Every structure is written in structure tokens, then in C-alpha cells.
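Could you build all of it, start to finish, from the sequences and the hints given here?
Protein chains in written order, with this note's numbering: chain A, 21 to 367; chain B, 21 to 367.
It is possible that some hints are incorrect.
Copies of one chain are not kept apart here, so a pair can be met inside one copy or by any two copies together.
[As the list claims (entries may be wrong)] Restricting the straight-line Cα-Cα distance to at most 30 Å, the calculated cross-link-like pairs of lysine-lysine (DSBU-like) are: (1) LYS361 x LYS44; (2) LYS44 x LYS64; (3) LYS361 x LYS45; (4) LYS64 x LYS45; (5) LYS361 x LYS30; (6) LYS64 x LYS361; (7) LYS30 x LYS64; (8) LYS30 x LYS44; (9) LYS45 x LYS30.
Simulated from the structure, these hints should not be mistaken for lab results.
For clarity, every value in this text was computed on a predicted model and none was experimentally measured.
Protein chains: 2
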Amino acid sequence: MASRGKGDAKPTINDVARISGVSKKTVSRVINRSPLLNQATREKVEAVIAELGYVPNPQARALALRRNFVLGMIYDNPNAQMVLNFQEGVLDAIRDSEFALVIHPVDRSSPTLFDDIRQFIEQQRLYGVMILPPLSENDDFAALFDELGCNYVRMGSAELDDAAHLVQSNDRQAVREAVEFLVDLGHRRIGLVEGPDGFRSALERREGWRDALQARGLPCGPELIAQGSYTFETGRAAGECLLDSADPPSAIFASNDVMAAGVVHVARERGLDVPGDVSVVGFDDTAIAATIWPPLTTVRWPIRTMARSAALKLIHPEAAAQEQSQFPTEFVPRASTAAPKGGAAIS
Amino acid sequence: MASRGKGDAKPTINDVARISGVSKKTVSRVINRSPLLNQATREKVEAVIAELGYVPNPQARALALRRNFVLGMIYDNPNAQMVLNFQEGVLDAIRDSEFALVIHPVDRSSPTLFDDIRQFIEQQRLYGVMILPPLSENDDFAALFDELGCNYVRMGSAELDDAAHLVQSNDRQAVREAVEFLVDLGHRRIGLVEGPDGFRSALERREGWRDALQARGLPCGPELIAQGSYTFETGRAAGECLLDSADPPSAIFASNDVMAAGVVHVARERGLDVPGDVSVVGFDDTAIAATIWPPLTTVRWPIRTMARSAALKLIHPEAAAQEQSQFPTEFVPRASTAAPKGGAAIS
DNA sequence: TTGTAAGCGTTATCAC
DNA sequence: GTGATAACGCTTACAA
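As C-alpha cells, this is what we get:
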């Protein structure tokens, strides 16, 4: 093997240039796949690169290019499983590439949130950022990223941005279908455990529930709605509110799986059978859905696929607008839903 | 505000030097808290830094120092909740610091695993890495990190390394206490759903189970053991194996929560009441433990605290050996355990 | 098609 | 104590 400056230090672009008898710049052109390059030169340099095991130093590139080959992920989400699925999707996209993923959870109630995010992006000189709900629903962040000259992709439950900056599911439609499933089973009073204010997903899912019921002329008044904040405990509380009411629903749609799990808990405490006495449907299809008893009927959200696509949009901005932006959900019927007792007769 | 070169570009060390009338190097000394510095000079420069809102460029520092202010996290773990908790602990430690966290999941069955990790560390020039079980149990990785001159901390269930490179729980002792709790309730046949081969945690937990039973002269033979691989499905299968046996146990300890959830599922399918007919204990205290019905008795692992400590060991290597290395687990009794039917009489 | 020179923003060396 | 000067490894002008 050809000699290097000293010891076993990693080879640099200078080593490659010297050994292949060309200039640094030419090596740089090879690395960056410049089109105007003699084929013979390219091959010669590539041979040396392979022989030396040369890998460009990302820190040096970052300095020269004023941008880092790093993707950022910004979130403040109560749903751990979703965050992790998203991370895995991003990693699917950057595997075997020069990119790295840095994660940046934030506190959306912090007064310094904007400055915090600004500093994160400026300091890391990110190639691009992905932002998760509910932060992604705030247009001010998009404006901030534009101002900082940082590419971004938002993840959302509705059409928040143009195709180059968005990966989205259609939650309203998905919930409508799930609730129609309950109606088709024979349910006539279907409760809703809605998500917290300020979450676009909560709003979309509520409207999907309403769409389904209104289309069939079924009740969808406030007495059938209880609010939670996407946590197990608030799901319990909402379940109590609904099941202890004067005229309790025979089925409940909860805006996410952990709240649905809370509802199932309450039903058990009341001595109610699920799905015999009350059917429960969740949303997300996180691990918990298949793990609780009975297994939860829910809506699967292709988070990992969406995340992968989000990362690809950042890595290949030129193709971002063509890359898929809408991702279909999938209804997953399990054992937590059944026809109501005597339901078919009523219908 | 004093003028900067052009437009609204971020101020650099040169701007600070020019405006405060000192050299770059002096500013650098201020930034790096060099002790040999005139107090007046320091204050003057600090004032200019504050006025300009100057922040050192991490990429440039990384290039000059040949090391990046970035911590890496390497894992291949079936337990999503643990990974996420660990991430949060690390972020607790680096919040408001110049450090960033890059995550690097790997496939431990990949033939290129070592090269993959080597490349990750060399390329990112990491300040340090944290490695999670079961990867952390392999001494070859520690040797690799040493060879690469990269500081590391391992997370484990037993004493894998010296205090500067380890954060650990004592799983054997923790499980012993949990199983003793079952014995004290009156259980005499206590089954084990053990974790997969190759996991130190699986081994430690099995020995803890055995310790407790042997100390009381209770059976702990292979007919009471079924193996899973830390997943829900394998937990189900192991539960079937145990509950369908000729002389089924009245209580089961599962090596982690999701396998325990699988056991609970099987019990339900068999028409068995938990804890009336069979008590179940898990390990981890992940979100699932409180969410299933009945809420799961388990052992809480202070992962987030351990992770925070691991990151601090990397950031302050000089104090690493003094920083806490052993982290106590906590037994969390919930509703999935009770005295066996007629158990007290047998005892 | 290729090379030269001048950065990018920081730190290390070694004088003063 | 402080400051020129030369790295660090790469890229972008601008020539040739």
C-alpha cells in the first residue's frame, strides 16, 4: 500500500491527490461526481480512493459547504412509539449514506421554544429538519426554517403544506371509515374520546367521527364526546365520563390507542365486557394495540414509511415534489369490536 | 450594534477579535476558559461576545480538534420503550450544552457489524458513544472503541466494565426480590419465562429467579422454564408452554414486560383469571405494564437516569470514575399478583 | 478537462 | 499574557 504521511492516520484528499498524481480539486470532482471529467482520470482516482480506503471528512465538508450532512428531527410528542417509528423510518432512508440523524425533542410550552429551535438549526447547520405533530401544524415554524435557509418536511394529519414539504395521512377519512365499521356492526350510539385542543389530528379525527355519524343520521352531540390529551390516564377519565353517563354508548372511538386502552381499563373496572358490552376502537396501531386484552381494533398509520419519505425529500430536494406525500391508513379489525347486544334488532 | 462583515451573516471569531481589539487566539482562549488570561481582557471579550450574540461554529471546532461535540448511541434492541427512555436520559444531560446526540441502530446479525460501527465512529469523529445491551455485553466492541480512541460507556445488567465505562443495574438481585415477593404471597410453583440466549440480562434474571427459589427450597427445574426472545409473541408461546403443562405454576415471572403481557393474554384465552388463577410479574416497567389489564407487577429500571449518567461520563471523562455506576431497581407491585387460591393453607 | 489560490471558522505552535 | 502563523480537510472561484 502507498505511504501516508505518518502512522495510521486516516488518508485525506491530499493523500489521494498526491498518489494519483492529480490535484486536490480533481479528487474533489471525483467525489462530487462532477460531469466534466476525463473518464480515464476518474477511474485512476477512484482506484486510489478504493486502495486507500479514503472517506471524505464530513466535518471539513460541513465547514467548506456551510452545511452539515445531518438531518434533524424535532418533536414534542406524547406518543413514544410514534417517535421511535419515525426515527426508524428516517434511518431506513439514510442507511449507507453519508447522512446522520440528530434528534431534538423540545418542550412546546417553553417560552424560549423558537430561540431554542433556531439555535439548534443554526448551530448544527442542518441539511434539513423533519418536524412532527403537533409542532408541525404551526406555520410559524415553517417560516422560521425558511428564514434560516433550512429545508424542512412536516408530518401531519392533513394538508398543511405543499408536496415538497409534507408527508401526510388523511385522518378524517380514516376515522370516518372506522366509525362506519361500527355503524355497520349495528351500533347507534357511538362515543368519541377526542384528543387535546391544539392538535390538528384531534380535530381531523373528531370530524371524521362526525362525518360518519351525520351521514347515517346518528347522534353526535356533545354528550357523546369526552376529551383527553392522548395519555392513558386521560383516556381512563374520558372513558369514565362516557360509560357512567345516563345513556352510555355501545361503542367508543378513541383518538389514539393509549386512550383506547384507558377506556378498556375503565370498562373492566365497571364489570363490562369488551366487546360484549362495549366496543372500543383506537388509532395508531402502536405496539399496545396488539398487546392489551382484547386486542384492539384500530387504524394503522404508516409512520415509518412516511418518515422514510420525509428524509428522502430532504436528501433529494430536487425530487421532493414528486415523492409521495399522501399515505393511506389501514383499518385493522381485531377483537375489541363486535355487534352490540341486540344491535341488529334495533337496526 | 457593531458592524459585521456583510449582511446578517453570523458573527465569527474574527468579528469578535476585531471589535474587541485582540487576536483570534485570545478570543479562543476566552471561549475555552484558558486559565492564563488577564481578567480585564477576558471581560472585554466576553462583553463583545454577548453583544454580538456570537456562538462558536461546531463544524470548525470539529475540524480543528479532530473530534466532534456529538455523542453517539449504538443499539440493536427489541425494546422500543427502553431505547426511547435512554434517548431522553441522554438529552437530559446534554440540554443547553453544545453537544448533540446522533442515534445509530444496527443489526447485530449483520456480518459487517464491526465495520459499520467503526465507520460510524470514525466518520462522525464522535466525542463518545453509549452502547446498549445486548451489544454492550460484547467486550470486542469495547476494544474497538479503545482502538479508535473513542470514549465509551456501556449499559448493562451486571458488572461488565470499570466505573468510568459502565452504568449498570443489578438484575439478579432485583429478580430475586421480585420472586421472593411471590413466595411470600404463598406461591410454591413459580414459572420462568426467560430471555434469549446471548443476553446477559436474560442470564442474570434467570439466576435471580433461581436464587430466590433455591434459598427457600422450592422447585426450579427445567419443567418450570420456557424461553422467549423478549417479544410479545414469544411471551405468548412461552406462556402456553407453561400453563398447558401437567402441573402448571401458580405464578410466572417473565424476563420483561412484553413477554409478561403475552403470558397474560394466554391466561385469558385459557379462561384463567389473573391474578386469581395465576400471578404474573414482568420486568422493565415500560408503558405497557400500567396499561394492560390487570396492571402488571414489575421491576422498574431507572433507564433514563442511567442514560443521563452515561452521557455525563462521556462529557466529563475526568469525573467519570466518580460518577455513579450502580443504579438500584425498584419493585413495583400492581394488580397482576395475589396469593394463590388456598396458597396460605399449603404454606 | 484540469490546476492554483483563497477561503470556511476554529485551534495549536511557538515566539514575543 | 498575548499574537502571528500555520494547520484541520474540503470547496469555490478563477485561470490555464
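Hints, one by one, checked against the model:
{"no.": "1", "hint": "LYS361 x LYS44", "verdict": "neither (78 Å within a copy, 80 Å between copies)"}
{"no.": "2", "hint": "LYS44 x LYS64", "verdict": "within (14 Å within a copy, 41 Å between copies)"}
{"no.": "3", "hint": "LYS361 x LYS45", "verdict": "neither (77 Å within a copy, 81 Å between copies)"}
{"no.": "4", "hint": "LYS64 x LYS45", "verdict": "within (14 Å within a copy, 41 Å between copies)"}
{"no.": "5", "hint": "LYS361 x LYS30", "verdict": "neither (72 Å within a copy, 68 Å between copies)"}
{"no.": "6", "hint": "LYS64 x LYS361", "verdict": "neither (78 Å within a copy, 80 Å between copies)"}
{"no.": "7", "hint": "LYS30 x LYS64", "verdict": "within (20 Å within a copy, 40 Å between copies)"}
{"no.": "8", "hint": "LYS30 x LYS44", "verdict": "both (16 Å within a copy, 29 Å between copies)"}
{"no.": "9", "hint": "LYS45 x LYS30", "verdict": "both (19 Å within a copy, 28 Å between copies)"}
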